[in-house]
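Student: Okay, here's what each chain looks like letter by letter:
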Amino acid sequence: MSEIIKHEPTTIYIKPSKGLAALNLRDLWLYRELVYFMIWREVKVRYKQTMLGAAWAIIQPIMNMIVFSVLFGGIAKLKTDGNIPYPIFTFTGLLPWGLFVAALNQASRSLTSNQNMVSKIYFPRLVLPLASVLSGLVDFVIAFVILIGMMVYYRVMPTANVLWALPAFLLLAIVTALGVALWLSAINVQYRDVNYALPFLTQFWFFISPVAYSSGLISEKWQLVYSLNPMAGVVNGFRWALLGVGNGPDAGLWISVGIALVILISGLYYFRNMEKTFADTI
Amino acid sequence: MTTAISVRDLGKQYKIGAAQQKFQYNMFRDVIMDTLMTPVRIYRALRGQGMRGAASTSLIWALKDISFDLEEGKVLGIVGRNGAGKSTLLKILSRVTEPTVGTVSVRGRVGSLLEVGTGFHPELTGRENIYMNGAILGMKSAEIDRKFDEIVDFSEVGQFIDTPVKRYSSGMYLRLAFAVAAHLEPEILVVDEVLAVGDAEFQRKCLGKMNDVAQQGRTVLFVSHNMSAILRLTQEAIVLKKGQLIKRAPTAEAVDYYLSSGQAESGERIWGVEDIPVTSAPFKPVAIRIKDRSGKVVDTVRSTESVTVEWEYQLDAPITGLRVGMYLSSMRGEYIFTSFDTDDAAQFEQFGARKAGRYISRCEVPADFFNEGRYSLGVNASSFAVRRYFMDENALSFNVDISGAPGTQWPEVRQGPVRPRLDWKIEKID
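Which chain is which? The protein sequence lines are A and B, in order.
First residue of the first sequence: 1, per the numbering used here; consecutive thereafter.
First residue of the second sequence: 1, per the numbering used here; consecutive thereafter.
None of these hints come from the bench; they were simulated from the model.
It should be emphasised that the depicted structure is a prediction, and the values quoted were computed from it without experimental measurement.
Where is the CB? At the ideal position from N, CA and C, for every residue including glycine.
Be aware that one or more of the hints could be misleading.
Stated by the list, open to error - Here are a few chain B residues that face chain A, going by a calculated C-beta distance under 7 Å:
{"id": "1", "residue": "Thr103"}
{"id": "2", "residue": "Ala135"}
{"id": "3", "residue": "Ser141"}
{"id": "4", "residue": "Gln415"}
{"id": "5", "residue": "Gly416"}
What the hints assert, rightly or not - Derived pair list, reagent style DSS-like, types lysine-lysine, alpha-carbon separation capped at 30 Å:
{"id": "6", "chain 1": "B", "residue 1": "Lys166", "chain 2": "A", "residue 2": "Lys44"}
{"id": "7", "chain 1": "B", "residue 1": "Lys296", "chain 2": "A", "residue 2": "Lys120"}
{"id": "8", "chain 1": "B", "residue 1": "Lys247", "chain 2": "B", "residue 2": "Lys15"}
{"id": "9", "chain 1": "B", "residue 1": "Lys140", "chain 2": "A", "residue 2": "Lys120"}
{"id": "10", "chain 1": "B", "residue 1": "Lys242", "chain 2": "A", "residue 2": "Lys120"}
{"id": "11", "chain 1": "B", "residue 1": "Lys291", "chain 2": "A", "residue 2": "Lys15"}
{"id": "12", "chain 1": "A", "residue 1": "Lys276", "chain 2": "B", "residue 2": "Lys64"}
{"id": "13", "chain 1": "B", "residue 1": "Lys64", "chain 2": "B", "residue 2": "Lys284"}
{"id": "14", "chain 1": "B", "residue 1": "Lys242", "chain 2": "A", "residue 2": "Lys276"}
{"id": "15", "chain 1": "A", "residue 1": "Lys276", "chain 2": "B", "residue 2": "Lys15"}
{"id": "16", "chain 1": "B", "residue 1": "Lys242", "chain 2": "A", "residue 2": "Lys15"}
{"id": "17", "chain 1": "A", "residue 1": "Lys77", "chain 2": "A", "residue 2": "Lys221"}
{"id": "18", "chain 1": "B", "residue 1": "Lys247", "chain 2": "B", "residue 2": "Lys74"}
{"id": "19", "chain 1": "A", "residue 1": "Lys15", "chain 2": "B", "residue 2": "Lys284"}
{"id": "20", "chain 1": "B", "residue 1": "Lys241", "chain 2": "A", "residue 2": "Lys15"}
{"id": "21", "chain 1": "A", "residue 1": "Lys120", "chain 2": "B", "residue 2": "Lys64"}
{"id": "22", "chain 1": "A", "residue 1": "Lys15", "chain 2": "B", "residue 2": "Lys166"}
{"id": "23", "chain 1": "A", "residue 1": "Lys276", "chain 2": "B", "residue 2": "Lys140"}
{"id": "24", "chain 1": "B", "residue 1": "Lys241", "chain 2": "A", "residue 2": "Lys276"}
{"id": "25", "chain 1": "A", "residue 1": "Lys44", "chain 2": "B", "residue 2": "Lys140"}
{"id": "26", "chain 1": "B", "residue 1": "Lys166", "chain 2": "B", "residue 2": "Lys140"}
What the hints assert, rightly or not - Partial selection, computed: residues in chain B whose CB lies under 10 Å from chain A:
{"id": "27", "residue": "Tyr14"}
{"id": "28", "residue": "Ile60"}
{"id": "29", "residue": "Lys91"}
{"id": "30", "residue": "Ile92"}
{"id": "31", "residue": "Val96"}
{"id": "32", "residue": "Thr100"}
{"id": "33", "residue": "Ser105"}
{"id": "34", "residue": "Gly108"}
{"id": "35", "residue": "Arg109"}
{"id": "36", "residue": "Gly117"}
{"id": "37", "residue": "Thr118"}
{"id": "38", "residue": "Asp292"}
{"id": "39", "residue": "Lys296"}
{"id": "40", "residue": "Val297"}
Chain A extracted, bound-state conformation:
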């Protein structure tokens, strides 16, 4: 009656994992359907019982854009690169930034808000932060439609690079978000301080990322230090691909990529190492 009986059951060995636990990405692959379902659940539930529903995905960046345009574009008269109108300049930055912040907010709570799953069932715990980060892509796509509209309105043509560069920079944003999210979610299991510290972290990170201003404002000698922030690379990359401003991939970008990978890999190891006690400490 069941397909499980037909094929030979596999034997699982359970033993204490020593040192840095093997990443065991194979298990994650076996549970890929769960990743899909978790993304689907997060998306489905996110705007339930709200009046405006999925419209929030565009209201948030648009409101931010209006505030920044008035404050920084209108009052402070910040210069944008290549005479791009300020609203579209900042909106291009707000897209990946919004994805990043939403990912951190959702993912850092992903383990603690699914406490009963973690303490009762086995599944690769990586599924939870991964699904939280990826579920932000849906909002990203919705907000992207607005950007296209704005580009038409302001008559800004994307560069030809957009085809490969946009997915690449999007991937960089996701890698960075996932790396930070792995650290935060694992720490959050034991120390709920993360919930309180996170708003400061994202606020600080916002100011060191060129979302509301152009990274051209940073003096030459600080540029290299500035590009230690992978999100600076992401935002600049988005503007380069979509609006045709900035330098495009340079040495600074490779530093951003390197840092993002270091955060991701260290995050993976830290997460896996803490994973074995999640069920006991959560």
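Place chain B on chain A using the hints.
Tutor: Chain B only, in chain A's frame:
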């Protein structure tokens, strides 16, 4: 026969102590002190000593040196007191938590009936939750597609399948959750009745499902405090005591051993610090005793005399609405009665709110009540609908000697857990 589960030198160590105490602020002063101590704590955490500080941390072995093999298709019962390590063992076998030492090899998928409804989201419909929950339990969506109709039928929520589950009654919710778990069809099923939620009907359904699974020749591990269920459903059982496997035998023998050795505290049960879960604070059980008419603590009582049950406990803080009481059950696990010290309304007026301090709640079970055999006394301290402070379903057991009881002139076994002396009148009416 192939081996389904093989456990070798398994051990699991837990840190106990400060973690739970940390957030039990009783006084504002503690909050202030705690805040002032923050830099010290952070310093310690960074040096890897953890939040708890070296001094207040202690390690206990929840499980130690456990080894056993279980053949495919066998049903194994696991018995032991609260805190003996039963649930920890199941958690390791289902890979929820990692062992500290030792190895386990498990052949096939492990499913459990204690995880019903995990991952259910109130905003999603019944249909969506079936897919969600199935995926969490490790089913492929093709597998769920195939079993979908069967699951819906089994859950009896058919017409509400596209309604968000937050609109379900709790019964419907549980039925749906159980239906998904029951259709997982794992090679190895793990049932922890101690943790089972739901009403009696639901628990009956769980046991029924377990029986079906066992009859299909799959391997089952069954944890329960209900000896009659263990006797009925398993052929073999292991006895755990303080994290160690002390006996493995055919069920009847193991249960007998557990009942006579595990509880062997001769008419008195004293709770040590390590026996009391931290969650029971501020209620702290001290001891429970069975006394005969002369006030002597006894293991065997005479059914023709009244028996005094005495429960001593300490309140570290005042508790309102408290009721302290007992369950009496037969060794077969049938309940005979439940009674609380503040059942009487006037008594509740006076003692419902109790100040901190040490108390004894004492009651008398009248003569001519018990039948022959062994009885188990469970204890419970709770505030109705607010909180259960402490519970031990098997705090103490005792024997009843029936010499002189009604009907003993006939040497036969009388059915039933009670043996009252009833006032028979015989009338000749014709």
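Student: Now look at each hint and say whether the structure bears it out.
Tutor: Tested hints:
1. Because the closest C-beta pair between B/Thr103 and chain A is about 4 Å apart, less than 7 Å, the hint holds.
2. Look at B/Ala135: its Cβ gets to within about 4 Å of chain A, closer than 7 Å, so that hint holds up.
3. Annotation: interface hint on B/Ser141 holds; nearest CB of chain A at approximately 6 Å, less than 7 Å.
4. Annotation: interface hint on B/Gln415 violated; nearest CB of chain A at approximately 41 Å, more than 7 Å.
5. The beta carbon of B/Gly416 is not positioned within 7 Å of any beta carbon in chain A (closest approach about 40 Å), and the interface hint is therefore violated.
6. Distance check on the hinted pair: B/Lys166 and A/Lys44 sit about 15 Å apart at the alpha-carbon level, within 30 Å; holds.
7. At roughly 46 Å between alpha-carbon atoms, B/Lys296 and A/Lys120 are farther apart than 30 Å, so this suggested pair is violated.
8. Our distance criterion of 30 Å between C-alpha atoms is met by B/Lys247 and B/Lys15, whose separation comes to about 27 Å.
9. With a C-alpha separation of about 20 Å, the suggested pair B/Lys140 and A/Lys120 falls inside the 30 Å cut-off, and the hint holds.
10. A distance of roughly 22 Å separates the Cα atoms of B/Lys242 and A/Lys120; the hinted pair therefore holds under the 30 Å criterion.
11. Note on B/Lys291 and A/Lys15: the hinted pairing is violated, with a Cα-Cα distance of about 48 Å set against a maximum of 30 Å.
12. Pair hint A/Lys276 plus B/Lys64 holds up; C-alpha atoms about 18 Å apart against a cutoff of 30 Å.
13. Of the supplied pair hints, the one linking B/Lys64 and B/Lys284 holds, its CA atoms being roughly 27 Å apart against a limit of 30 Å.
14. About 23 Å separates the Cα atoms of B/Lys242 and A/Lys276, which keeps this hinted pair within 30 Å; it holds.
15. Proposed proximity of A/Lys276 and B/Lys15 is supported: the alpha carbons are some 14 Å apart, at most 30 Å.
16. For a cut-off of 30 Å, the pair hint linking B/Lys242 to A/Lys15 stands: about 21 Å separates their Cα positions.
17. The suggested pairing of A/Lys77 with A/Lys221 holds, with an alpha-carbon distance near 24 Å, which does not exceed 30 Å.
18. The hinted pair formed by B/Lys247 and B/Lys74 meets the criterion: a straight-line CA distance of about 17 Å does not exceed 30 Å.
19. At most 30 Å may separate the alpha-carbon atoms for a hinted pair to count; A/Lys15 and B/Lys284 exceed this at roughly 37 Å.
20. For the suggested pair B/Lys241 and A/Lys15, the alpha carbons sit about 23 Å apart, so the restraint of at most 30 Å is met.
21. Our distance criterion of 30 Å between C-alpha atoms is met by A/Lys120 and B/Lys64, whose separation comes to about 22 Å.
22. For the hint pairing A/Lys15 with B/Lys166, the CA-to-CA distance comes to about 39 Å; that exceeds 30 Å, so the pair is violated.
23. Annotation: proposed proximity of A/Lys276 to B/Lys140 holds, straight-line Cα distance about 25 Å (limit 30 Å).
24. Simply put, B/Lys241 and A/Lys276 have alpha-carbon atoms about 25 Å apart, close enough for the 30 Å limit, and the pair holds.
25. A distance of roughly 20 Å separates the Cα atoms of A/Lys44 and B/Lys140; the hinted pair therefore holds under the 30 Å criterion.
26. Between B/Lys166 and B/Lys140 the alpha-carbon distance is near 25 Å, which keeps this suggested pair within the 30 Å criterion.
27. The beta carbon of B/Tyr14 comes within 7 Å of a beta carbon in chain A, closer than 10 Å, and the hint placing it at the interface holds.
28. Contact between B/Ile60 and chain A, as hinted, is not supported at the beta carbon level, the nearest pair being about 12 Å apart and thus beyond 10 Å.
29. At a threshold of 10 Å, the smallest CB-CB gap from B/Lys91 to chain A is about 7 Å, leaving the interface hint in force.
30. The beta carbon of B/Ile92 comes within 7 Å of a beta carbon in chain A, closer than 10 Å, and the hint placing it at the interface holds.
31. Taking 10 Å as the C-beta cut-off, the interface hint given for B/Val96 holds, the closest approach to chain A being about 5 Å.
32. Interface hint at B/Thr100: satisfied, since its Cβ lies 6 Å from the closest Cβ of chain A, which is below the 10 Å cut-off.
33. The beta carbon of B/Ser105 is positioned within 10 Å of a beta carbon in chain A (closest approach about 5 Å), and the interface hint is therefore held.
34. At its closest, the beta carbon of B/Gly108 sits 3 Å from a beta carbon of chain A; the interface hint therefore holds under the 10 Å criterion.
35. A distance limit of 10 Å between C-beta atoms decides the matter here; for B/Arg109 the minimum to chain A is near 7 Å, and the interface restraint holds.
36. A least Cβ separation of about 9 Å between B/Gly117 and chain A falls short of the 10 Å threshold, and the interface hint therefore holds.
37. Given the 10 Å rule on beta carbons, the hint for B/Thr118 holds: about 5 Å separates it from the nearest Cβ of chain A.
38. Among the interface hints, the one on B/Asp292 is violated; its C-beta lies about 45 Å from the nearest C-beta in chain A, farther than the 10 Å criterion.
39. Contact between B/Lys296 and chain A, as hinted, is not supported at the beta carbon level, the nearest pair being about 45 Å apart and thus beyond 10 Å.
40. Given hint, B/Val297 at the interface with chain A, is violated; its Cβ is 39 Å from that chain's nearest Cβ, farther than 10 Å.
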